[in-house]
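Use these hints to put chain B onto chain A, whose structure you have.
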Amino acid sequence: MGRPASIWSGRRGLALLSIGALLLAALLQGRFDARAAPRDEVDPMLYLPSGKYLKVASLGFDEILADLIYLWSIQYYGNYEIEDRYRYLEHIYGQVVSELDPHYLDPYLVGSLIMNLEAGDPELALRLLDKGIGNNPDRWILAFEAGFLCYNDLGDYARAAAYFEQALRSPDVHPLVRRLYAEMHNRAGDKRTSLREWAEIYDTSSDEYVRQIAWKHVHDLKIDIDLADLNDAIALYRERFGACPRHLEALRREGLVDAIPLDPDDNEYRYDHRTGRATHQGGLVVGG
Amino acid sequence: MFTRIGAIALNTFREAIRNRVLYLLLIFAVCTITFAQVLSLLTVGSEEKIVKDFGLATIDVFSVLTAVLLGITLVSREIEKRTVLTLLAKPIHRAEFILGKFGGLVLTLLVNTVFMSIWLFAVLAVKQMFDPQLATAIVLLFLQFLLITAIAIFFSCVSGPILACVLTLALYVVGHLLWSLELLEARLASEGARLLCRVVYCLLPNFSNFDIKGQVVHGQAIDPAVIGFAFLYLAVYGSAVLFGACAVFQRKELQ
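So the protein sequences, as listed, match chains A and B. Residue numbering for the first sequence is 5 to 292, as defined by the numbering used here. Residue numbering for the second sequence is 46 to 300, as defined by the numbering used here.
This is chain A alone, in the form it adopts within the complex (with noise of 0.2 Å):
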């Protein structure tokens, strides 16, 4: 005689057991959660500790683990609830993720972005950056995006010229990074250096757009140079024989300038001899 059929003994009820179990205790943690009394936030970085510790502790996983962190940050800083969320974006870009994976870009790009825009520190970014060329000398971007902060957001174009001069050091560097090169002198007053560069865009360049953008460069920042130099000749001049030249022949006749120079489309330079002023006839190109 067997014995009679209970719940214990059907598999299908132990199941059936089971699972409702399981989503007692679901409920159960829920209504816990919605009862209890809110913990003392205690911000999760005080337990991160650095690269170095966590890549003893990581068995060889170190790029896993600098993916999930990385993973995190994003998910941390883009919960606007947290006040001083961007007192650790140091400790955790540039002293946990890249030390963790030295290569991994992405950290240095979005972490200095994250420095500059929201945290409003362009030279922690700046630092993030140098960390990140220091350790992936080959790659452009990351000098790049250093020399683009210091030009749009600091308007340091001597320090962006540096930079881009940097990422210009890398192989297959963007041809962009040369054209902001060259503009950068142009900004920071080297134009002599700035023309020398634009002028070597057109030549090699073999985008007709591009040769265009340069010619352009070219021939604003040859007027430039000429009627700085001319001017400058008329000064010197005046300096020596107390009044203007009459004619800009004068100046080479001097020794003050080696030749009279012509402008780009191949037209004498204006000269005033009652104001002492060199000037173009026509308009710049790209403005000055």
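By construction, these hints were calculated from the structure, which means they are not laboratory data. For every residue, glycine included, the Cβ atom is placed at its ideal position computed from N, Cα and C. Careful: at least some of the hints might be erroneous.
Every beta carbon over 12 Å from chain A, so not counted as near; a handful from chain B, in silico [to be verified]:
| no. | residue |
| --- | --- |
| 1 | 67 |
| 2 | 75 |
| 3 | 101 |
| 4 | 151 |
| 5 | 176 |
| 6 | 180 |
| 7 | 243 |
| 8 | 246 |
| 9 | 285 |
Examples of chain B residues toward chain A, derived with CB under 10 Å [unchecked claim]:
| no. | residue |
| --- | --- |
| 10 | 49 |
| 11 | 63 |
| 12 | 76 |
| 13 | 79 |
| 14 | 82 |
| 15 | 85 |
| 16 | 91 |
| 17 | 98 |
| 18 | 216 |
| 19 | 217 |
| 20 | 253 |
| 21 | 263 |
| 22 | 267 |
To give an idea of the interface, some chain B residues facing chain A are shown, with a C-beta separation under 8 Å as derived from the structure [claimed, not checked]:
| no. | residue |
| --- | --- |
| 23 | 65 |
| 24 | 80 |
| 25 | 84 |
| 26 | 102 |
| 27 | 218 |
| 28 | 259 |
| 29 | 262 |
Chain B only, in chain A's frame:
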């Protein structure tokens, strides 16, 4: 000799693929590699790196677990069930038994790794991120699994399964932390202590010789000497461990 080793290896392989643990680990591995696709959507920047990192780490972790969990019971279970006595009553040398067991587990791991690699490459191909360079990292990882298998079999010969599992995993952890011994050596003042440090460093298995995951994922050039050294290291160190296992098993009391 090779026929006998081959027969034991084939039987070990057949036995291993009937083990549910293997399938459980494979299912977890497949789920993790697939999950990496979802995780990669959370990133800002290159999704490719996340999928590749997760894929290679999954192959690494789950194959090491397979090698350890199957390797530690290979010999001890045969002794426990006394099937080893039946086997060794035949004209089979004890060393052939150990080498056959090792061969069977290597075959299992090969099938395992190939399956996970195909899955990873399929996931990458779907996302148009297929990168054949990953195969180099997987080959070196496979060499690491072979060494761990040899170590697991060695410990399986000298102790019970639980202790063998603990010792193998401990050696795996230590083998990934050897660079800290180099740091310690540089800081030690005593010449004798430095020498001791160096000896310990050289004697322990160095698993970092097989780890080129990072370089491969970042598309960096891999020095052929690194790959060559990994093969040589496995051949020498693996032989030492296997010969050690054979020697221990040779003297083991099986009654």
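_Tell me if the interface restraint on residue 49/B is satisfied: Cβ within less than 10 Å of some Cβ in chain A._
Nearest chain A Cβ about 37 Å off; hint violated.
*Is the hint on residue 85/B kept, meaning its closest Cβ partner in chain A is under 10 Å away?*
holds (9 Å)
*So, residue 262/B near chain A? Judge it on the closest CB pair being under 8 Å.*
holds (6 Å)
_So, as I understand it, the hint says residue 259/B touches chain A; can you test that by seeing if any CB pair is closer than 8 Å?_
holds (5 Å)
*Take a quick look at residue 285/B and tell me if its Cβ sits farther than 12 Å from every Cβ on chain A, holds or violated.*
holds (22 Å)
*Should the interface hint for residue 82/B be scored as holding, given a Cβ-Cβ cut-off of 10 Å against chain A?*
Constraint on residue 82/B not satisfied, violated at 13 Å.
*Mind checking the CB of residue 217/B against every CB in chain A and telling me if the closest is under 10 Å?*
holds (8 Å)
_If we take the beta carbon of residue 101/B, is the closest beta carbon in chain A still more than 12 Å away?_
violated (8 Å)
*Holds or violated: is there a CB of chain A closer than 8 Å to the CB of residue 102/B?*
Constraint on residue 102/B satisfied, holds at 4 Å.
*Any Cβ of chain A at or closer than 12 Å to residue 75/B, or is the non-interface label fine?*
holds (17 Å)
*Quick one, is the residue 79/B hint okay against chain A at 10 Å, beta carbons?*
Given a least distance of 16 Å, the restraint on residue 79/B is violated.
*Does residue 84/B meet its interface restraint, that is, does its C-beta lie within less than 8 Å of any C-beta in chain A?*
At about 7 Å, which falls below the 8 Å cut-off, the nearest Cβ of chain A leaves the hint on residue 84/B intact, so it holds.
The earlier numbered hints that this structure contradicts are 3, 10, 11, 12, 13, 14, 18, 22, 23 and 24.
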